[in-house]
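Chemist: What follows is each chain in one-letter form.
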Amino acid sequence: MAVFYVLMLFMVIAAIIAVETKDLLSSIICVGAIGAGGSLMFLLLLAPDIAITQIVVEVLGLIVMIRATISRDLTFITGDREFFGTVVSVVIIFVILLAGVEILQGLPEFGTPVYAKIDGSPSQRYVQKGLAETGAANIVAAVILDYRAYDTLGEATVLFTSIVGATVILRAKSRKLVEEPDK
Amino acid sequence: MRPKGEISHGVKGMTVIVKTVASWVKVLIFLFGINIVLFGHLTPGGGFAGGVILASSYVLLMLAFGREFAEENLPLPLASKLDCLGAFMFALIAVLGVVFGGSFFLNFLFQKYLPGHALHLVSAGIIPLCNIAIGLKVGASLFLVILMLSVSCKGTE
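Chains as they are written, first to last, in my numbering: chain V, 1 to 183; chain D, 184 to 340.
Next comes chain D alone, as it looks inside the complex:
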């Protein structure tokens, strides 16, 4: 590690080796996060853990390339809109349970319309949709907080 006075707080990023490797690894981490969110009803994981992994792929971009690059990639207003969209989708699925079924958060897709086959991707009704909504929400909101923390830090411009 470089001595403390030389830590670049995000304007220029790190060396060429780190930047090259980070740009490949970021895609892999993002895909892994999507896998954990999407298959949350079959393998361990789910929305919360997958959302944090998605956020951490963008944090890797921010650490390797600098804050401006990560902010161009996913700007602040877009991140907050994605956060709100995820929360809204989750509440919408809950209300649709009342509309189609009769009780709040009823698993209406599994019990009435689309049972699917067990142990396949299309199964378990609303659970994968809820996982996607929660993953979107958690990922966007964690990236938003880290971006706000690094913007308000003294060394950046």
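In isolation and in its complexed conformation, chain V is listed as follows:
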């Protein structure tokens, strides 16, 4: 159990450094450290699917972001912060923290599963009857592609739309650099 708290502290410190540092490359590397800590946590919580996805997306996302920032001439954030904006943000965060302390007292302990203890819950059914009803040994694949396939269709659509949007936005600069064959 102590490993989870250590990893959480590591991720929080990396997040604070990522926000506060003025060098863009350092903040990107700290974001990568957050992703690595999260992937390790998922591995220790016995969720290898999410750990694989987290580590691979974080590595690729890191490369994309490094590529996108090294091409800029300016890799340092300059300028001061506004005083009023900072004060308002701190007050709002404090209010949310107070509300969170109230709510967190009602939650079970960090690291214990909740729905596994209730009989007849969907998660019990997925675990017990997943192999018989879908034929897949990987319960995660059975859930995201059979029981909840409609949600996966929504996620695939979101990914597709965001890639289309990114391609359209980036295409304006590259029109003079890339020659495309006419269809």
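Please note: incorrect hints may appear among the correct ones.
[Unchecked claim] If you want a taste of the chain V side facing chain D, the calculated C-beta under 7 Å gives, among others:
#1 L7
#2 G32
#3 I52
#4 V56
#5 G61
#6 R67
#7 G135
#8 A141
#9 D146
#10 T161
#11 I163
#12 G165
#13 A166
These aren't lab readings, by the way, just hints derived from the structure by calculation.
The beta carbon of each residue, even a glycine, is placed where N, CA and C say it ideally should be.
Chain V is already provided as a structure; the job is to place chain D on it using the hints.
Modeler: Leaving out everything else, chain D in the frame of chain V:
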């Protein structure tokens, strides 16, 4: 690492050692990605993680050999067509569930036509086919975004 003024943004690539090793490692990463996509219903992984691994094998080519080499290997129009093909296949499998079964996304292969044996490659109905479609889509679209980002970068020609 070389100092910042000398980072080659993709015209010439890296040294001979990096190029040789990268050309071998790229094939291994590509095969590993295919393994994770194809066996997504048996081992951890699936379409999304496997697709990202497939895209990252092409990113390795782009970093080691330069952008033009990677673009010849998988040109932009082909990548966008593969992306659309993957999304279309996924939607087609969903609609075929209505045609053959009665409800959207019904696992018609498992329940009616091809149950297969559990814990083998041919099992779980439409789940491996959906994994292949999603892997194709995610891999092609991520490679497309990285190629577009590197084309619009100032240092390339």
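Chemist: If a hint holds in the structure, say so; if it doesn't, say that too.
Modeler: Evaluated hints:
1. L7: violated (20 Å)
2. G32: Violated, about 14 Å.
3. I52: holds (5 Å)
4. V56: holds (4 Å)
5. G61: Where the cut-off is 7 Å and the nearest Cβ of chain D is about 9 Å from V/G61, the hint is violated.
6. R67: Status holds, d = 6 Å.
7. G135: It holds, given that the least Cβ distance between V/G135 and chain D is near 4 Å, below 7 Å.
8. A141: holds (5 Å)
9. D146: holds (5 Å)
10. T161: violated (10 Å)
11. I163: With a minimum Cβ separation of about 4 Å from chain D (threshold 7 Å), the hint on V/I163 holds.
12. G165: violated (10 Å)
13. A166: holds (5 Å)
The structure is inconsistent with the numbered hints 1, 2, 5, 10 and 12, although it conforms to all the rest.
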